[in-house]
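Taken in order, these protein sequences are the chains called A and B. The opening residue of the first sequence carries number 1 in my numbering; numbering runs sequentially from there. The opening residue of the second sequence carries number 1001 in my numbering; numbering runs sequentially from there.
One should not assume that every hint holds.
Claimed, not checked - Beta-carbon label-pair distances, calculated as ranges: (1) B:Pro1102 <-> A:Val33: 40 to 46 Å; (2) A:Arg208 <-> B:Ala1218: 49 to 55 Å; (3) B:Glu1089 <-> A:Val351: 32 to 38 Å; (4) A:Leu346 <-> B:Gly1130: 55 to 61 Å; (5) A:Val154 <-> B:Arg1010: 35 to 41 Å; (6) A:Arg208 <-> B:Thr1083: 26 to 32 Å; (7) A:Met49 <-> B:Arg1108: 47 to 53 Å; (8) A:Met49 <-> B:Arg1128: 35 to 41 Å; (9) A:Ser132 <-> B:Gly1130: 21 to 27 Å.
What the hints assert, rightly or not - Which chain B residues stay away from chain A? Per the calculated CB distances, all over 12 Å, these: (10) Tyr1011; (11) Gly1012; (12) Phe1043; (13) Gly1048; (14) Glu1089; (15) Ala1145; (16) Pro1178; (17) Met1192; (18) Arg1221.
Quick caveat, the hints were computed from the structure, so don't treat them as lab data. Here the structure is a predicted model, which means the values were calculated and not measured. Here a beta-carbon is modelled for each residue, glycine too, at the ideal position from N, C-alpha and C.
So you can see what is in the structure, the chains are spelled out below.
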Amino acid sequence: MAGVDTKGHAAETVAGQRFALLRRPERPVHLSVTVALVIFALFGLPPLMSGYYTGYASLVAIYSIVTLGLGLLVGRVGLYSLGQGAVLQIGAWTGARLLFATAQPFPIVIIEAGVVTMLIGIVIGLPAIRLSGLYLALITLMMAGAFTVILATVNFPNGGGGFTGYNGQQSTIPPIRRPSIAGTDVAYYRYAVVVAVLMFLLVYAHLRMRPGRAWAAIRQSEPAALAAGINTTFYKLWAWALASFITGVAGGVLAGQAHYLYSINFTTQDSIILLAVALMGGVYNLWGAVIAALLMQFLPAVLQNLGVSYAWLTILFGVGVLQVLTTAPAGIADQFPKDMKKLGGLIWRLVRRPGAARRTSAAGAPTGGTT
Amino acid sequence: MIEVENLTVRYGGVTSLDGMSLVFEKGTCGLIGPNGAGKTTFFNVLSGFVRPASGTVRAFGTDLLKLTHFRRARWGVRRTFQTEQAIEELSIYDNVAMVASPLRGAARRADVLAAIEYVGMDVSPLTRVGTLGAGQRRLVEVARAVAGKPRLVLLDEPAAGLPEEETVHLSTVIRGIPDYTGALTILVDHDMSLVSAVCETTAVLDFGKLIATGPTAAVLRDEHVMRAYLGTAEVL
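Using the sequences and the hints, build the whole thing.
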């Protein structure tokens, strides 16, 4: 029975853990593993990649920010958005326009792209987040469609003047500039990874503090959140604004990556694919966003390289989402380590004692010593 | 002190509270009545989830009905739910720390830990609530209700579905809430032994009307109350 004779002990533990309470790790993936992977992505990976893959790796970094934002909305707050592709377009458009129109440093421009996207996101979000589930998904999908249509008329800036920055021709157009320190593809890839890491840290910090707590409460029980004094509309809008901001930043980085942006390359379908890969990657885990970006940007590159039509991916993603939703709702990011652990355990037992693996799994109790 | 006057709530054609008037002074007060009497509706009105058709609610001089639900929680209304609403993916600490509080920084953290200790949880406050049993989750909810300097604590069948010994522990916890927090506590429960063990004052609702109020022992012996409960299971 709770707390009958253990009070003194509990108080002692509490005092000892007071510090730890504030630095509780979110997920059991060790910090050193994360750091090692980031260092590998920055320095180990570029020499291994051809120019072809470097470009796609940059896209993975950029899209991991987009899926991070979407994962935040879906996994942490329970808001299903089918419009994140459009949000990315807004960021890319704003970034491109500012890069042509001004001589501001690149980091300033991408932050501005994030802020503008966030403001537009808030304007859309204010009425939209009062809805939820299917209705919110529908509204955001239609919004994405609307933006695709608008962009097809307005076009992406390509060095022209005026508000739109479109010069009306396709033949001689200047490229969207990149930061001076990241002119080459490899350097720009590193730049994109650094931006992605910063965005992940921004979201991580949110999750660890009061907003993360409020979002978790809202997702599981909105009445409980309200009864605890949480302004649920405010925190939902906060999540929405944060997702819009980082997606806008990603859009700014995308503008520099692409050099030339064409509205024809942005489709409403992207928004749907984004939700599919985010769910497959796993929305309850920040790693899921990276996996989702790999699925969306790297897998097509690999398939294309192998001469396989990447149209197959639409089918694959359909099956993948079905598979994830029915068997592993937390996505690959959650399932993969578990499977690896099982596999590792199996291999370990096989290596240590050939033939033992089957026996122990049959007996159900692994013990050492007897042969 | 809470003064309720002429409170009426209608859901479509159904009148759930029918001109209910009630005064609770202090301490732990019980609110009982058969199923459908309007007890949870009353809590929903107090915590802001339901807007009454008419009537007034004043708590410690504040007109509660003027505040929206989350502002009411910030003012000091706390409640638990009939179906327990502890947030599974958060730790015990975070479950309690999510509640509104006038305290800041270290004082706030100490208040949260004190609340967890008060309800007598013998596991680390870092434990994920998803791993706890039903009784412990109830305690987490009660801890959330007593943290952050509440003024009005509403407990909606906190002992529902709990085994005997956990109910006994919970009754000790509930009885101590007014002393621990200084808040007026209102307990809704079907378990008459819990109500009579915990509450000094008890009011009885039937068909959305107050049919009796006074010291618990006297109320439970009241003839009207017996009649209202006739046919339902638990009568002392």
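Verification of the supplied hints:
In this structure, proline 1102 of chain B and valine 33 of chain A meet the distance hint of 40 to 46 Å, their C-beta atoms being roughly 41 Å apart. A C-beta distance of roughly 53 Å is found between arginine 208 of chain A and alanine 1218 of chain B, which places it inside the suggested range of 49 to 55 Å. For the hinted restraint 32 to 38 Å between glutamate 1089 of chain B and valine 351 of chain A, the CB-CB distance of approximately 37 Å keeps it satisfied. As the Cβ distance of leucine 346 of chain A to glycine 1130 of chain B is approximately 28 Å, the hint placing it in 55 to 61 Å is violated.
The supplied range of 35 to 41 Å is broken by valine 154 of chain A and arginine 1010 of chain B, whose beta-carbon atoms lie about 52 Å from each other. Taken as a hint, the range 26 to 32 Å holds for the pair arginine 208 of chain A and threonine 1083 of chain B, whose Cβ atoms sit roughly 29 Å apart. Range check, methionine 49 of chain A to arginine 1108 of chain B: Cβ separation about 49 Å, and the 47 to 53 Å hint holds. Our hint of 35 to 41 Å for methionine 49 of chain A and arginine 1128 of chain B holds, since their Cβ atoms are close to 40 Å apart.
Distance hint check: the CB atoms of serine 132 of chain A and glycine 1130 of chain B are about 23 Å apart, consistent with the given range 21 to 27 Å. At the 12 Å boundary, the C-beta of tyrosine 1011 of chain B stays outside the reach of chain A, the nearest C-beta of that chain being 17 Å off. Once the 12 Å rule is applied to beta carbons, glycine 1012 of chain B is consistent with being away from chain A; the minimum gap is 21 Å. For phenylalanine 1043 of chain B, the requirement that its beta carbon stay farther than 12 Å from each beta carbon of chain A is not met, with the minimum near 10 Å.
Not every CB of chain A lies more than 12 Å from the CB of glycine 1048 of chain B, the least distance being 8 Å, so the non-interface label is violated. With a least beta-carbon separation of about 5 Å from chain A, glutamate 1089 of chain B fails to lie farther than 12 Å from that chain, contradicting its non-interface assignment. Distance check on alanine 1145 of chain B: its Cβ comes as close as 9 Å (rounded) to a Cβ of chain A, failing to clear the 12 Å threshold; non-interface status is violated. Non-interface call for proline 1178 of chain B relative to chain A: holds, since the shortest CB-CB distance, roughly 19 Å, exceeds 12 Å.
With a minimum CB-CB distance of about 23 Å to chain A, methionine 1192 of chain B clears the 12 Å threshold, and the non-interface call stands. For arginine 1221 of chain B, the requirement that its beta carbon stay farther than 12 Å from each beta carbon of chain A is met, with the minimum near 32 Å.
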